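Colleague: Residues per chain are reported as follows:
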Amino acid sequence: MNLQDYFSLVFTDYTLRTITLGTAILGAVTGMLGSFAVLRKQSLLGDAISHAALPGIALAFLITGAKDTNTLLLGALVSGLIGTFWIRGIVTKTHLKSDTALGLILSLFFGFGMLLLTFIQKQPNANQAGLDKYLFGQAATLVESDVWLMAIITSICLIVMLLFWKEFKLLLFDADYTKTLGFNTKFIDVLITTFIVLAIVLGLQTVGVVLMSAMLLAPAAAARQWTNSLGKMVFLAAIFGAFSGVFGTAISASQDNLSTGPVIVIVASVFVVFSFIFSPGRGLLFRQIRFIKNRRDLELQKTLAFMYHIAETHEDISHPHTIKILNNFQGFTRKTLQKLVDKNYVTLDGAMWSLTEEGFETAANLYNQNFKKHE
Amino acid sequence: MSNAQFEIQLIASLVAIACAIPGTFLVLRKMAMISDAISHSILPGLVVGFFITQDLNSPLLILLAALSGVITVILVERIQKTGLVKEDTAIGLVFPALFSIGVIMIAKNANDVHLDVDAVLLGELAFAPFDRITIGGTDIGPKSLWVIGIILLITIGLLIAFFKELKVSTFDAGLAASLGFSPVVIHYGLMTMASITTVGAFDAVGAILVVALMIAPAACAYLLTTDLKKMLGLAIFFGVFGAITGYWVAHWLDASIAGSIATMLGIVFFLVYLFAPSKGLIAVMYRERRQRTEVLLLTFLLHLKNHNEVEERHVNHLNEHINWQKVKSKTVLDLALKNNMILINDKIVSLTEKGDEFTSQAIDYIITNEDAQIEDMKKHFFLFRG
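So the protein sequences, as listed, match chains A and B.
If you read the first sequence in numbering that gives the first Met the number 0, its first letter stands for residue 0, the second for the next number, and so on.
If you read the second sequence in numbering that gives the first Met the number 0, its first letter stands for residue 0, the second for the next number, and so on.
Source of the hints: derived by calculation from the structure; they are not laboratory data.
Just so it is clear, the structure is predicted and the values come from calculations on it, not from any experiment.
In this text, a Cβ means the ideal position worked out from N, Cα and C, and glycines have one as well.
A portion of the hints provided could be inaccurate.
[Claimed, not checked] Have a look at the derived ranges for each label pair, beta carbon to beta carbon: (1) A:V269 / B:T298: 51 to 61 Å; (2) A:L297 / B:T81: 45 to 55 Å; (3) B:L270 / A:G64: 43 to 53 Å; (4) A:K178 / B:T298: 19 to 29 Å; (5) A:N69 / B:D138: 46 to 56 Å; (6) B:T351 / A:K185: 37 to 47 Å; (7) A:D173 / B:R384: 32 to 42 Å; (8) A:Y13 / B:L270: 19 to 29 Å; (9) A:Y13 / B:T81: 41 to 51 Å; (10) A:D173 / B:K29: 19 to 29 Å; (11) A:K165 / B:V309: 28 to 38 Å.
[Unchecked claim] Beyond 10 Å from chain B on every Cβ pair, some chain A residues (computed): (12) S268; (13) R281; (14) E360.
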């Protein structure tokens, strides 16, 4: 199947439609909530939580014996939340730093999860096969009810986010101020964190434990480059996330042997790299261009100031001088001279130059911040 | 205990020691999550190495994988330097991307070889004794024992040779630079060592559990001591303890050895987290509660000093006007009485000479903004702490 087949089949074929819809919704919700994680400097929390969810899945299976997705995800949610709050307990109550706390919870919970998974595999229960799909995720196992679950949770997220928009925003940028205004910061904080955990848990089936953190971060990091407004950022991140989901599914469906999770992550990373380079405000490309332009302006000003100091010594400011005296000056090139002529600061007459009235005026006020340019 | 069992425990212990040494420095330098990033992103290096050599046992594989670990660190730093995103976001972006590239390369090209992602991530210690090295027909022991043994020797050698440099640059990078050790060289040296250890350990315990062995013992040790040498010693002890008890738990449950080592480390960390003297949760909570009572006491004494009116100094005043609960006011009163700071005469409270002196000194410190001095003063005045 090639990409064209994929796009012609996506509306008719049940499996393709379900998977595409599932990954798109997942991308949107993780992008949306990921924006909060990135801005709260909790980027790696996603990584820790997704690993910490593993023992929950295994325990839920051990207790209920059912392989029903919802039960397993509930287990994942509980163990993800325990992990999150333990991380917080470590950071606030001991002198261990957040990176150590994250690494601890991530590896210890994951290790415990592996212990349980291998323990389950040795049990005489034929039902256990397929639990390890949560390690790397298998979008192909998505069914319509899973997509419904995702859609419902996404809409709950959306409603809660809109309801508490003001509070979320305030807490994000100025937690102390929020507290003095009388908001219950603990509650808001727990609310955001719970939804982040929820989004991560939703993605486990599709993208898997290992790569889930990228789903949370990449769309948000990409969106951050294009805007300074929280609302726009959340919206853009949702769009980027959804597109990564759709493109990732399309590419992996059109090739043999490609699991969806890694491809989605790669697509999302491409979005990030593109945004890093080409975003107009913060991107590396435009930053470099601005840098060069500023340097040129500075050289121009330096030349003008040099000319001004020569012209200053004469009574008549437009007294002509030879171009030769500029040759020893560093900022000077033929191009800068031409630019000065274009700006009507300098007039050229053969090998001689002279400042105009306007040029003299500008140069005199070059370092005067209060001087208003009449341009 | 059979020979194979002994060998597994030996390998696990060596891995634990080799991980604990760089792990201690990572935890102290607040770079613990870098080890997680490295452990994931060695995958593409392994795959490329495999394509070049077509041999899973080649040393080139280890070198390339370690190289891709170092590349991860450099990439993270580069991205962070652009200022577009924070350091943690940079880490979170780089390693899943590299890991995905590795997974896709395996899926596209190496499907029929024994190089699957599960093995890289999870490892299987139980098979380690069966992969043996023979020289000239004599069996000289399991391969992973040699690999990790050599890495451990190098780590210990470097640690002894550069201990002073590592110590100074970890705790005071500015001082290290001014003394003439390049913090950059030491930083990348440490990162390279962490990468090599991760690669060397991964086929025994798996990439993610390397992270557990690096961070957990060091974190436990950090809660118990403030001395670098003791911390290294304790981290090694906890690592080896986790490795050996973990093996026997796995043996008993018939489950993954690596998983059970991590679980044992988790239990050890949980106990240390709760019970560590002076830095554990219980000690911290106890101290916080004591602090709270003592602040209340100070507030109460200040109130007494400010008021001479009888009605302001009545015992019931505490409940009625300052709005303290009964238990709370009783604790404060008892504490003050025990320390001879107040006298209660017919339900009217008054400051003793000692209480008066304590309060005036405390006021002096508060108005000169030297609140920290009050802590020392308490030692001098208090017979009983709150």
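Colleague: Now tell me, hint by hint, if it's right for this structure.
Modeller: Against the structure, the hints come out as follows:
Against the hinted window of 51 to 61 Å, the Cβ-Cβ separation of A:V269 and B:T298 comes to about 60 Å, which satisfies the hint. A:L297 and B:T81 have their C-beta atoms about 23 Å apart, which leaves the hinted 45 to 55 Å range violated. Look at B:L270 against A:G64: about 31 Å separates their beta carbons, and that is not inside 43 to 53 Å. Against the hinted window of 19 to 29 Å, the Cβ-Cβ separation of A:K178 and B:T298 comes to about 22 Å, which satisfies the hint.
For the pair A:N69 and B:D138, the beta carbons lie near 53 Å from each other, so the given range of 46 to 56 Å is met. A hinted range of 37 to 47 Å for the beta carbons of B:T351 and A:K185 is consistent with their spacing of about 41 Å. Judged by the Cβ atoms, the range 32 to 42 Å given for A:D173 and B:R384 holds: they are separated by roughly 37 Å. The beta-carbon spacing between A:Y13 and B:L270, approximately 52 Å, falls outside the hinted interval of 19 to 29 Å.
Remark: the range hint 41 to 51 Å for A:Y13 to B:T81 is upheld by a beta-carbon distance near 44 Å. Between A:D173 and B:K29 the C-beta distance comes to about 25 Å, which sits within the given range of 19 to 29 Å. Take A:K165 and B:V309: their Cβ atoms lie about 51 Å apart, and the range 28 to 38 Å is violated. With 10 Å as the threshold on Cβ separation, the claim that A:S268 sits away from chain B is violated: the shortest Cβ distance comes to roughly 4 Å.
The Cβ of A:R281 sits about 6 Å from the closest Cβ of chain B, inside the 10 Å cut-off, so the non-interface label is violated. Under the 10 Å C-beta cut-off, the non-interface status given to A:E360 relative to chain B holds; the minimum distance is some 38 Å.
Hint compliance for this structure: hints 2, 3, 8, 11, 12, 13 are not met, and every other hint is.
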